[in-house]
Each structure stands twice: as structure tokens, then as C-alpha cells.
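Two chains, each in its own frame: build the complex with the hints.
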Amino acid sequence: MKRVAIVGFDHLHAIAYLDVFSRHPAVELVGICDDGMNQALASERATSEGLVFSADLSAYPEWAVDGIYVGTTPARHREIVELAAARGVHVMCDKPLATTLQDADAILEAVREAGVGLCVPFRPVFQEPIRLAIERLRSGEFGDVQAIYAVKYGRRPTTSPVGMNAEWFLDPDLAGFGGFGDIGSHAVDAMCRIVDSRPAQVYARLGSPVPGAIDDLGTAHLEFANGVHGVLSAGWVNPSASPRWLEVRFEVLTTTHTFVVSAPYREFEVVTNEHRHLVPWFRDDLVAHVDDFAAVMSGNPPTVSGLDGRTNLAVLLAAYRSADTGEPVAVPA
Amino acid sequence: MTSNPPIGMALIGCGNIGTLGHAPAFASAVGVSLLAVSDLNPSRAENVSAITGAATRSLEEILADPAIEAVDVAVPTEEHERVSSQALSAGKHVLVEKPITTSLEGAERLVVQAAQENLTLMVGHVRRFDPRYLAIAAELAAGSVGTPRYMRRAERQWLPFSGDAWSWSGPGGGVLMDVGVHVADLVRWLLGEPTTVYATTRHIRPEAREWGDHVFVTFGLGESVTAVGEASWAHPRSFATFYGSLEIVGTDGILNLRDAEGPLLIIGPDGVEHPRFGPLLSTIPAAFSAQLEHFASVIAGEIEPHQTASDAARSLQACLAAAESVETGSPVSLTGPI
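Keeping their order, the protein sequence lines are chains A and B. Each residue of the first sequence is one higher than the last, beginning at 1 in the numbering used here. Each residue of the second sequence is one higher than the last, beginning at 1001 in the numbering used here.
Label-pair ranges, simulated between beta-carbon atoms:
#, chain 1, residue 1, chain 2, residue 2, range
1, B, 1147, A, 324, 16 to 26 Å
2, B, 1265, A, 48, 43 to 53 Å
3, A, 269, B, 1147, 29 to 39 Å
4, B, 1192, A, 255, 32 to 42 Å
5, A, 282, B, 1263, 25 to 35 Å
6, B, 1105, A, 332, 41 to 51 Å
7, B, 1139, A, 28, 49 to 59 Å
These aren't lab readings, by the way, just hints derived from the structure by calculation. Remember, predicted model here, so these are calculated numbers, not experimental data. From the three backbone atoms N, C-alpha and C, an ideal C-beta is built for every residue, glycine too.
Chain B on its own, in the form it takes in the complex (with noise of 0.2 Å):
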């Protein structure tokens, strides 16, 4: 945590994680002070300035300001090169949702633009501050499953957006590369590196044209471990409190993250409820105000990031291979550094 003054920050992008997991971050981060949000949309922008108390301005005024010292980019996918790129151009640190592009050779340009600048850039895998997964990852460093050698994970809802919503046919969307990514960074924090990814998709509702909107993929690494991963947004609206799950089966024992089990359940006289826990189904608030104080300490160079950006390139790359797999019908290797 760091003890400088407060990181003056904006938000590029209002859209829904912008609005239901960056923008209510900040209240309770430290480190970190909103001083600007924008959008496109002038009314998305509105909102999130109401929420905030940060005013609304444009791109060009955000960047041009320098009390704005860092950018939190919450744009479309497609978008995450330019923008992130335009924000480093003026100096500004950048802390950009997942994945960190839609292609490999955009990662590697912003990457190599940060640091020629000498700029922070983070991704935002927002699951490595997740309270449950960080006590996952401790367990698992603590031995008692032993070695881990099988994970399953499953990310599951209905996705509430209508059917002309990017991340149904735009570039960058899709279940794969919207919520597999995070599979896909999971199992490398996890359990290690991919050398093996295999992957089958299906389109199950009617929005989902261009891409799939229910995937079943399978990480190899190595001979003897592998790492299944569901993504959907095909499941039923009221799956919701099941959105996920974690088993990790090792050498010797098994954990289990059941969601489904839920603490709480509200039983009425038409049928029984889970109520959810914050606005977004995957992330508990906490995780989205951890994230942006670690992003302020690296900043502050107090501490070094928990994942480089090119870390986060290789969580892109395997679900590239995955859409590679679906494509081809056959897994796909991955092999050697970026």
C-alpha cells in the first residue's frame, strides 16, 4: 500500500465491467483517486460520473490533462490496443481489462511501447486478487492435495446483453475469449503452461451468430497434467449464484470451490433463492479495489507486479490456440515464450 499521494486515475469505458467492477473500485481502493470517466456513450458516462463524483470528459481532455497520471481502460476488446496505446503515447500508466488484446502481435506492440516509455502496463486479470483463488493458490502452495495434476473450471451464465452487443459478433468477443481467457489465466497461475489446447464451441442461442457462446476446452501441460475449462453464456438467467467452480484433483487429494453451494438461500412461497453476493456474478467488489491498489504500488515502484503484461499475452495466446482448435478440429501446441 502505498503511502504517496493519491495516484490520480480515469476511466475509459463505461460499459458493463467498467460500470459494475472498475467504477465502484475506486471508492474503496487506496492509492488511487478518480478524478475522470469517460464514454462514446455520453449517458453510460453520465451514470458512472453520478456513482463517482468524477467528472465527465473526453479521451483527448483526459489525456491531455496532467493530474491524470494512469488510465483504467474498459473499452470494447477490439478497442484495448489503441486506446491503451494512445494513453502510454501521453505518458499515462495503464491498467487494461483482459484480454490485453485481440491478437498477439497488438500485445507484443504494447508491451514494447511501456517500456520504451518507462509506463506501468497491467492487465486486469482481476481473478489473481480474487480472495478465493488467492486462498486457493495458498492451499495448493501449502501441498496438502500434493502435486496437482487435473483442474476443472466452469464459468457459466446467461449473458444479458441483446443480440447487437460486441460481444456477441464483434471482433474480440465471444464466451472464448470474453470469459475462457480468464480460464486460461487460471489454469497458468495455477497449475503452469499450456503446451496442449484442445477446444470444442457451439452456438446454443440465437445471439450468439459469429461466435460460440458455450466452449469446452482442454489444457495440456505436459504428459501428465490436465486442465478442463466450461465457459457459457448460454445457461439459464436464473443459473446465475452457480455461475462457477473449481476442482483441482491432486496426487494427494481433491479441492472443491463449489458457488453453487452458496451461504444463503431465501426460501419463498414460489420457489427458492440464491441471492448474489455484488453486482457481477464472477468477481467479489473486494477483488476490483485489490486490483487497483496493486496497480498503484507498482506505479509508486513499491512492489513488482504480480503479472507482467507479457505474462497476460500468454493467457491470449491460449485461447487463441483454442479458437485455432475449434477452427482446425485438432489441439494445437503451444510451445516457447512469445
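Chain A extracted, bound-state conformation (with noise of 0.2 Å):
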């Protein structure tokens, strides 16, 4: 069994490896390390769960751990992956891997050099549907992919059930990015997993309510390297009295089929008189990330590598510039 801490309670996401590491068979979480504003819960529920707490991002190395997931704002990232790759500790650091392309080139040199493991939790990959709509288009038997549709609303961060504060989504010194780059990150990740490419130029429009306020929705044109076309639409739009808290919809165009994923999860739905909401039966996804945390602290390959959050981060970088310049934009290799 491998042992893990949590360093940084900011990401929303925290929360629930928190539960997911408590009960995984291949790990043993041991504490918490977080200085932020969700400090008090943090502490509160390792008292609770019966572990370590520290107010200080560098205790863990003194739990005699094996691996970190680092859930701090991101542009916190690279001074703590620097710090577990000097202790030889393995990472799974939550996306976006950085806010620059300095600091994820330092992440990566970082454990490179220190031969220990990074992987990033992008979502859909580790979702059932998207796992087998991958996998049944590289079986070769449906044609090539010639174009992509992507969306992904999610709810606005701050309206957190889970009693967690992440004000600091809408931050973009704290958070690199608004809510394009926050939902839309997991999306470029699947659509270069879908497509088996990665984006080479970047056209992108991002909304905002209030001028000046953080981007809450993104178009992108997305052309991949392998000459796939591909739209994103992304965001923090989704209503309250929608019934999922994350839409997603890929559709794929091959040369000879349709591909149409709908939802992230298998589900059911509920109605009442006051609302209606579909419940996801199976969410393997949480899971299998820890799986592949625990690979990775094995010695193996990740799923998502260091390497794909670097290319993700230069994606959205593209898009924000592209924004900005109201041009097309190259993605650097």
C-alpha cells in the first residue's frame, strides 16, 4: 500500500479524493497539508478521518510518504512539485498543471530529473462512455476521425455544494484561467485523446458577463496536427435547474460514422414537484485516477502524463491569446 498526503484543500476536487483515498485498497492516506482558505475544513475532516493535519504545504516529507496529490491554486504548482521531486515523492498534480509554460517546463524538469512520477486527473478519459468511445475508434473498424464537437458546461465553481470556498476560481492571478479554461481543459484533453492528435493552431472567443469580470464561456477552434478539425464550446453556463452539475457532449465525425457521446456518466432520473436531476449509477472515474496515481507510484507510465498537462496548458494559453488578438494562434510544440 502506498502512502499519500493531500497538499492544498483549494481545488474542489480535494475534497473528494479525500473520500476516494480513504477507502482505495492500493493507498493509505496519512494527512493533510493546506494554509488556505478552506484551511478549517481541512483540518476539521482529518481530525475526523483520523489523520495528520499541518498548516504547513512542506511537512508531508516527514510522513514518510510515497506520493502528494497537489490540489493548492495552481500557480502554487511549481513550487510544490519542485519541493516532493527533491524528496522523491511521486505527484498527481490537479490540472492546469501551471498558469506559464515556464513553470510547467520547470514541473517537468523537476521530476525528470528526480525520476519520480506526475500525473494529471483530466476527467473524461477516466469516464466510462469516453473510455469506450475511444477505444472502439482506434479498433480501426469506424473510419478516420475528420471532425469534433465538443461542450462542456459546468456550474459556476462558487456555487460549491460541498461547502468548500473556491472564490478563488474567479481569481485569475490564483487560477490562470477563467471558466473556458477551468471546465474546458478536461475537454481539450479528450478531444486530443479522440482525435489521437494534438491541436497545432488556435481560434478562440471567450465571454465574459461583466467587462472586465473573468471569462465564464469559451468558443475554440481547435486544428490538430493530424488535419481533424474541431469546435469547443466550454464554461461555467450551466444553470442551477439543469439536471446534471457537468453537461458534456462529444460528437465525432469519421469518415463513415457518427459518434455521439452524451454524458460523462450512465445515469437515471429523478422528478419531483420541485425539480428534476439525473444520478450518475457509476462513477468509475474518481477511481481509476487513483489507480493510475497508484501505478505511477509504481514505477509505471501514467494514463495522463506530465507531458499532456503541458500540452494542455499550451492550448489554453493559445486560446487566451487568441482572445485577446482576435487572431488565430499557433500552439508551440
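Written out as C-alpha cells, the structure reads:
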């Protein structure tokens, strides 16, 4: 069993990983480090789960851990990962990997030099319907992918139902991006896997409800290196009455077929006099993340590598630059 | 609806849209009477004559017949200007299929000619008469989703024409001009005027030689409103009943039209059928009838046109800008009236 710690309780996923780590057979969660806005919640949950808690983000090496999940604000990822690598600790770093390519490169260099593993938990590739679509597309029985349209809508993270403070998502200095980057990064990763290539050029338009505020909805044309063209619409626009927290749709045109993935999970519907919602009845993606992280800690390659995280960041940065300049932007290799 | 005697009309062009869209509409439309049909290909004209009961006549005979007050022009796009102009010169009111012409100059010539002759020139942007889009326009006007900030429109099918059809390689062909103009017109009707256009196309089917058969186009409407369209002739044939979808994200909510979730499924031993509700995937028959009735009422002077021909030319302009963007690889600015 691999010993792990949670470093940073800023990301909404941190509380989900707390639960999954606690019951996953391959890992033993030993503690939480957090100095952020959810510190009280993190400390309280650590106590109730019988874990160590520290308000010092560099305390975990004393806990003899094999790996850490990094759930701080993205602007701090570099310092956290560099320390972990220097201590020989494997890393699962939440997305975006960093907020600048320089920081992402420093992260990749640190883990390479130290010989520790790094994985980035993008969601869709671990979700059953999308995994199955990718598997079927790769079988070669469905022609070549020609075009892809993707939708990924979430609610504004400040409406988090789990009691976490997520105001930092609305601060570009801390988060790096607004709604398009936050939600769209997952879809970009899935699109790269579905298309089996990486975007070479991006043209994007980003919207804001209030001038000067952080973007909440974006649309991007992605031209992939292998000739496939695609469009992604993503952001924090899912109304609170929507039956799902996340709306996910991938529409893939091949030379012979069309694939439509219309939800991230298999689900059933509940309708009452007050509301309607859809209940996923098989959520394997978080468990699969931890499977993947456990494999990484044993020296195996991850499903989503640090390099994938860097490519993803490069696409987001190109999209935001395109939205600023009004011109298509090449994605640096 | 007009209380005058029905307006004598002729259908010029008995190809796909003439046969499946326009011809059947005359039977149910009030205020018009189809007196003649015409096509360079006699068997096509005879086919529509058999369906409608209208006589088969040449274009010259139609234009010389004083009983025919108006014509419905459904010839290939490249011929729209020539045939419409001839009809206007002969004193006929004109309803011409979309796009109005293949060039802005040609569109302007027709608009000027119709004004000089004091005749009605209307362009068949039939979506504007389709109950589903009228209901959506009313919903937006009622403000239930707030101010629209994003729209996504997809129109996708497997084009059933052989590779020598003008749609694939002729002037005015290609999915951008033929279907994309509907997308552009819907964006303009529901959201407003685009200020920038960016588009990419792909040639997917072997028939798609000169023009792309798949297009993604993004319309920017000022800083904060964006519309993205997809038009395709390359989707699998059985994609048919999934033809169209429309989503609008507003400041207070989302409106979603999902044609794929049709209300009738037939499940058999070998698969599932989503039956079609009309001969065309894109448009219900009632929309073509409503369009003809509107045209008749405009001719009779009873109402103002739902869309002027100049306005329809702006939808062509947006498509031509998209084509330019495909050529240059850069967004194209649209400024000011044409």
C-alpha cells in the first residue's frame, strides 16, 4: 500500500480525493497540508478521519509518504512539485498543471531529474462512455476521425455544494484562467485522445458577463496536427436548474460514422414536484485516477502524463491569446 | 392572409428543393394558385406537374403569360440572378431560393431592379417561417433565458446527390453557401449582426472536390456575443433524423432544441428507426406554405415583408466572409451595411 498525502485543499476535487483515498485499497491516506481558505474544513476533516494535519505545505516529507495529490491554486503548483521531486515523492497534480509554460517546463524538468512520477487527473479519459468511444475509434472499424465538436458546461464553482470556498476560481492571478480554461481543459485532453493528435492552431472567443470580469464561456476552433478540425464550447454556464452539474457532449464525425457521447456517466432520472435531476449510477473516474496514481507510484507510466498536462496548458494559453488578439494562434510544440 | 383573388404563380426549377419543398406547399397555401411549372429537364417538370396538376411550360411562356403575376425561383444558385432578373423585367414578383445570388453585386442589382419595377423580391429563408424557430424567437423575446450571449447551430446530413450535381462543385455550391447561409441567417435573425467571421472547412467525401462538405464557422457579434455553426453533408446517411440542433446560452439560462430526440421511435428486429416527419430533414412542409402565404400577402400590400431582400443579402455576405476566412486562414471583419 502506498502512503499518500493531500497538499492543498483549495481545489474542489481535494475533498473528493479525500473520500476516494480513504477507501481505495492501493493507497493509505496519512495526512493533509493546507494553508488556504479551506484550512478549517481540511483540519476538521483530517481530525474526523484520524489523519495528520499541518498548516505548513512542506510538512508532508516527515510523514514518509510515497506520493502527494496537489490541490493548491494552480499558480503554486510549481513550488509544490519542485519540493516533492527534490524529496523523491511522486505527484498527482490537479489541472491546469501550471499557469505559465515556464512553470510547466520547470515541473517536468524537476520530476525528470528526480526520477519521480507525475500524473494529471483530467476527467473524461477516465469516464466509461468516453473510454469506450476512444477504444472503439482506435479499433479501426469506424474510419478516420475528420471533425469533432465538444461541449463541456459546468456550474460556477462558487456554487459548490460541498461547503468549500472556491472564490479563487474567479481570480485569474490564482487560477490562471476563467471558466473556459477551468472546464475546457478537461475537454481539450479528451479531444486530443479522441482525435489522436494535438492542436496545432487555435482560434477562440471568450465571453464575460461583466466587462473586465473573468471569462465564463468560450468557444475555440482547434485545428489538429493530423488535419482534423474541431470546435469546443466550454465554461461555467450550466444553470442551477440543469439536471446535471456537468453537461458533456462529444460529437465525432469519421469518414464513415458519427459518435455522440452525450453524458459523462450512465445515469437515471429523478423528477419531483420541485426539481429534476440525473443520478450517475457508476462513477469510476475518481477511483481510476487513484488506480493510475498508484501505478505511477510503482514506476509505471500514467494515463495522463505531465507532458499531456503541458500540451493542454499550451492549448489554453493559445486560446486566451487568440481571444485577446482576435487572430488564430499557433500552439507551440 | 389575403382576401384578394389568389395570385397566379409559376414554379421555375423542379430540382430537389423545388420538388420536395416548394411544389407541395402550393396545395395548402392560401392566396396563391400554381398555374405552371418549368425545368430545363422535361422529366423533372413533368414529375412536379403530375404532383401539383399545374401545366408544364417554358420559362419564356411563363414570363409572357399575364395570368402569372409572380414566380417562385428554385433553380441552381448560380442562375438565381439571371432568372430572377428576367422575371422582374417581365413584371413578375419574385420569391427566390436562398442564397439570393452568388455575389453581393448580383444581389444589389436584383434589389435595385425590384425597387425600380415596384415589384416584390423575397428570398426563401424558410427557417423564418418554421414554427420551431418562430417559437424560439418568441421565447427569446420573452426574455426567459435573459440576453443571448452564445448560440450553437448544427445542420448535418448525408447529401444524397451524385458527384456531378452542382451542389458539389458548381458555382454557388458547397455546404457553406447552401446550408451555411441558413445558419448565418438564423444567427442574424435571432442574435443580431456579426462583426467578425472565422471558418474552417474539410473535404471529407470523395464527391467534395471543389468545395468543402464540412464547415465550422464562428460569428462574433461585437465583444461579448458568439455564435458557432456546423454545416455538413458528410454525416452518415442514417444520421438523418439527427439533422439539426440549436442551443442558445443567455445570461439567465439555456435554450436547447435537440432534433435528435424525436418523439417517435420504431424498434424492430434489426435496429431502431427514428421516422422522418416530412420529405426534407431541415424544414417541415408547413414552413414552405407559410412562406408562400407571406409572399402573397406582401404582394397584396397587406403586410411588410418579414425580411427584405437587402437583409437576405447580408446573410449571403456573412457566408462570403466565411469563405474568405477559409481562404485566408484569418477572421474576416464585417462592417456596415452593404
